[in-house]
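The hints should help you fit chain B onto chain A, whose structure is shown.
Same order as they appear, the protein sequences are chains A and B.
Just so we're aligned: 327 in full-length UniProt numbering is position 327 of the first sequence, and the numbers increase by one with no gaps anywhere.
Just so we're aligned: 73 in full-length UniProt numbering is position 73 of the second sequence, and the numbers increase by one with no gaps anywhere.
Source of the hints: derived by calculation from the structure; they are not laboratory data.
Misleading hints may appear alongside valid ones.
No copy is singled out in the list; a pair is fine if it fits within one copy or between any two copies.
Claimed, not checked - Calculated pairs, DSSO-like style, for lysine-lysine (alpha carbon to alpha carbon, straight line, at most 30 Å):
id	residue 1	residue 2
1	K166	K48
2	K382	K89
3	K307	K220
4	K307	K48
5	K307	K221
6	K48	K349
There are 2 protein chains.
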Amino acid sequence: MNISKPEGASERSAERLVHVPLEGRAYDILIGPGLIGRAGGEITSRLKGRRAAIVTDEHVGAHYLEALMDSLQTDGIEAVSLSLPAGEKTKSLEHLSTVCDMVLTARIERNDAVIALGGGVIGDLAGFAAGIVRRGVRFVQIPTTLLAQVDSSVGGKTGINTRHGKNLLGVFHQPDLVLADSAALDSLSEREFRAGYAEVAKYGLIDKPDFFGWLEKNWKKVFEGGPERIEAIAVSCQAKADVVVEDERETGRRALLNLGHTFGHALEAATQYDSSRLVHGEGVAIGMVLAHQFSARLNLASPDDAKRVEAHLREVGLPTTMGEIPGELPPTEKLLDAIAQDKKVKGGKLTFILTHGVGQSFIADDVPPSEVLSFLEEKRPK
Amino acid sequence: MNISKPEGASERSAERLVHVPLEGRAYDILIGPGLIGRAGGEITSRLKGRRAAIVTDEHVGAHYLEALMDSLQTDGIEAVSLSLPAGEKTKSLEHLSTVCDMVLTARIERNDAVIALGGGVIGDLAGFAAGIVRRGVRFVQIPTTLLAQVDSSVGGKTGINTRHGKNLLGVFHQPDLVLADSAALDSLSEREFRAGYAEVAKYGLIDKPDFFGWLEKNWKKVFEGGPERIEAIAVSCQAKADVVVEDERETGRRALLNLGHTFGHALEAATQYDSSRLVHGEGVAIGMVLAHQFSARLNLASPDDAKRVEAHLREVGLPTTMGEIPGELPPTEKLLDAIAQDKKVKGGKLTFILTHGVGQSFIADDVPPSEVLSFLEEKRPK
Numbered sequence: 001m002n003i004s005k006p007e008g009a010s011e012r013s014a015e016r017l018v019h020v021p022l023e024g025r026a027y028d029i030l031i032g033p034g035l036i037g038r039a040g041g042e043i044t045s046r047l048k049g050r051r052a053a054i055v056t057d058e059h060v061g062a063h064y065l066e067a068l069m070d071s072l073q074t075d076g077i078e079a080v081s082l083s084l085p086a087g088e089k090t091k092s093l094e095h096l097s098t099v100c101d102m103v104l105t106a107r108i109e110r111n112d113a114v115i116a117l118g119g120g121v122i123g124d125l126a127g128f129a130a131g132i133v134r135r136g137v138r139f140v141q142i143p144t145t146l147l148a149q150v151d152s153s154v155g156g157k158t159g160i161n162t163r164h165g166k167n168l169l170g171v172f173h174q175p176d177l178v179l180a181d182s183a184a185l186d187s188l189s190e191r192e193f194r195a196g197y198a199e200v201a202k203y204g205l206i207d208k209p210d211f212f213g214w215l216e217k218n219w220k221k222v223f224e225g226g227p228e229r230i231e232a233i234a235v236s237c238q239a240k241a242d243v244v245v246e247d248e249r250e251t252g253r254r255a256l257l258n259l260g261h262t263f264g265h266a267l268e269a270a271t272q273y274d275s276s277r278l279v280h281g282e283g284v285a286i287g288m289v290l291a292h293q294f295s296a297r298l299n300l301a302s303p304d305d306a307k308r309v310e311a312h313l314r315e316v317g318l319p320t321t322m323g324e325i326p327g328e329l330p331p332t333e334k335l336l337d338a339i340a341q342d343k344k345v346k347g348g349k350l351t352f353i354l355t356h357g358v359g360q361s362f363i364a365d366d367v368p369p370s371e372v373l374s375f376l377e378e379k380r381p382k
Numbered sequence: 001m002n003i004s005k006p007e008g009a010s011e012r013s014a015e016r017l018v019h020v021p022l023e024g025r026a027y028d029i030l031i032g033p034g035l036i037g038r039a040g041g042e043i044t045s046r047l048k049g050r051r052a053a054i055v056t057d058e059h060v061g062a063h064y065l066e067a068l069m070d071s072l073q074t075d076g077i078e079a080v081s082l083s084l085p086a087g088e089k090t091k092s093l094e095h096l097s098t099v100c101d102m103v104l105t106a107r108i109e110r111n112d113a114v115i116a117l118g119g120g121v122i123g124d125l126a127g128f129a130a131g132i133v134r135r136g137v138r139f140v141q142i143p144t145t146l147l148a149q150v151d152s153s154v155g156g157k158t159g160i161n162t163r164h165g166k167n168l169l170g171v172f173h174q175p176d177l178v179l180a181d182s183a184a185l186d187s188l189s190e191r192e193f194r195a196g197y198a199e200v201a202k203y204g205l206i207d208k209p210d211f212f213g214w215l216e217k218n219w220k221k222v223f224e225g226g227p228e229r230i231e232a233i234a235v236s237c238q239a240k241a242d243v244v245v246e247d248e249r250e251t252g253r254r255a256l257l258n259l260g261h262t263f264g265h266a267l268e269a270a271t272q273y274d275s276s277r278l279v280h281g282e283g284v285a286i287g288m289v290l291a292h293q294f295s296a297r298l299n300l301a302s303p304d305d306a307k308r309v310e311a312h313l314r315e316v317g318l319p320t321t322m323g324e325i326p327g328e329l330p331p332t333e334k335l336l337d338a339i340a341q342d343k344k345v346k347g348g349k350l351t352f353i354l355t356h357g358v359g360q361s362f363i364a365d366d367v368p369p370s371e372v373l374s375f376l377e378e379k380r381p382k
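Isolated chain A, as found in the complex (with noise of 0.2 Å):
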């Protein structure tokens, strides 16, 4: 792996940095404690312009916005910022005019920046949002959830939701600079963290088997802080650009990215998307979980490996069975139903990642929806 320490480094011993070579448009991830503080000279090292426009949420802006502003005005940058609502709701038609207005008014240009401070939400807006106006200025993630850090910040995916679904209208637009202050997730919930480790352990189960049994030694480590979590994220991080270097659009490859969140994504709709009864990376446990029982089932891998992979999730914390979501589920065609969404799909085969084993996953586009259902009906709660 390609991860090496940034220059200056030296005091800063555990930093680590991750390059994604995008022809024309690569960029740095670094990964450290304090990055927050330190905001501005990353950016004005690499990017021209000395305009920024801060998109926070009101939760992450208590803690951090001060500070961030700070950094950018020792270094000279002039930054507006906007709080937005915290949660899902906020990844809006309207909340994006609101933040293209912001931005309109900032008088950012094509070399400055829109900054996104928060999680997956504001990321995926504020992304949004930068690549639209000017028809594209530049952008920094400071991501300051697990998830965020080693999932949605990396690989240019911004969106919002509409009637019609999650993610239905948005762009590809790489950031030039991604930040994740490692320190930051100090402040998650225990239940937030944990959520965010299952993204971690999804890059073990796809492809990196050694990474998987280093997460089930060192998985406590990684909770507290400390080196090892700064380790996991870069290796999640460079795991996750090696892969949208591959396949920038999600035309083959990117695709493994998504084990575990077929059943995920099902599951997620089932419960409305309330998050008191499932987050997006307890969703995504109990899928890895399925995709591993279910490829064991079609007699692709052995049942062992999908009992290591649940016996780890659950000794972190996280849920890998659907028994352990609160409140009743639909039957199980609706499940299926989310699965298929599409009638034309359901006609046909359906595409899932399966496996072979932990680190041996593979795209499957040829999964009869039968045996699907049959392996929910089993598997659900009686």
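Using the frame of chain A, we list chain B on its own:
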């Protein structure tokens, strides 16, 4: 030039094909009479999807929507349509939202198409929607004005207006096919055709002196229709395509396409985009004459070239002086403000497209605002 006749064109001898060889996103521009009535076949032979969402305006829709729908149906494309009010005000976030909702309701997937049937307003709006629905679906341009056929339908710039200015939100989203039906131009008013012709002449003035000479001889036939009109559109599309392939995102050479546009946009702003006083192409015509006169004043070009340009544009019936714009113009300082836009730029030097003579334009990024001011002061009506 690389303009060929498309296959099967023997019986449609006048038809031309311009290929835009963008890497991974190459597309064809077909130019000829009757293409709207053959759209279904041209689309199905190039695109995989069999659904389409047509966006048009009430004027154009009344003329051509039925023929287009019939052709799509004949070739097995399931299509829905949306007719919006004609005019620049339709390039709004509100209408973008309406278009996206209609496209999503029609279950347009990545390989299906959004089709723009109309002028630049419809093309810019529908193209923006096509660029953001599912982070990009296929896009077919069927431009029905000369301006759209030779300029806005080629090159992938899309956008809407905001209270801060024109085209401030948008994406680069290349079409997958452009069908320029030359017969559709017969229904344009003389004034509208002339306005589009200003952009045709522009390609000669940028770097094709022979083409400008050809236009001086053949412009009447271009206005009348027939092979010369198709030839003029094809040469223009090829010229634009060449620039776009070289510099898709306007970081360099693409700026040459702004010949006449810096002065032209300032005049459009000065007349509050009131089309009864000035339409875009008329502003460009005056702007191109001013650009040649200004270049002569700076001893970059011969005054004879400016006279030649003015003579031709006047012969076709375009305005060539600020004095021809009905109503009062704002003070010269205000015109300069509109040119400089940003205070930062105003303090320093301005970027203009200047020329060494017909077909010898270049990017000048060191124009002193004081020179522009005294030039405009001299040229404005007293």
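Evaluate K307 and K220 at a C-alpha cut-off of 30 Å and name the case that applies: within, between, both or neither. within (20 Å within a copy, 80 Å between copies)
When no copy is specified for K307 and K221, does a C-alpha distance of 30 Å or less occur within a copy, between copies, both, or neither? For K307 and K221, the Cα distance is within 30 Å only inside one copy (23 Å; across copies 78 Å).
Treating 30 Å as the Cα threshold, decide for K48 and K349: within, between, both or neither. Answer is between; shortest inter-copy Cα gap is 19 Å, intra-copy 49 Å.
Pop the pair K382 and K89 into one bin, within, between, both or neither, using alpha-carbon distances up to 30 Å. neither (33 Å within a copy, 57 Å between copies)
If the cut is 30 Å between Cα atoms, do K307 and K48 qualify within a copy, between copies, both or neither? Answer is neither; intra-copy 51 Å and inter-copy 42 Å both fail.
Given identical chains, is K166 near K48, meaning Cα to Cα at most 30 Å, within a copy, between copies, both, or neither? between (34 Å within a copy, 25 Å between copies)
Violated hints, in rising order: 2 and 4; the structure is consistent with all others.
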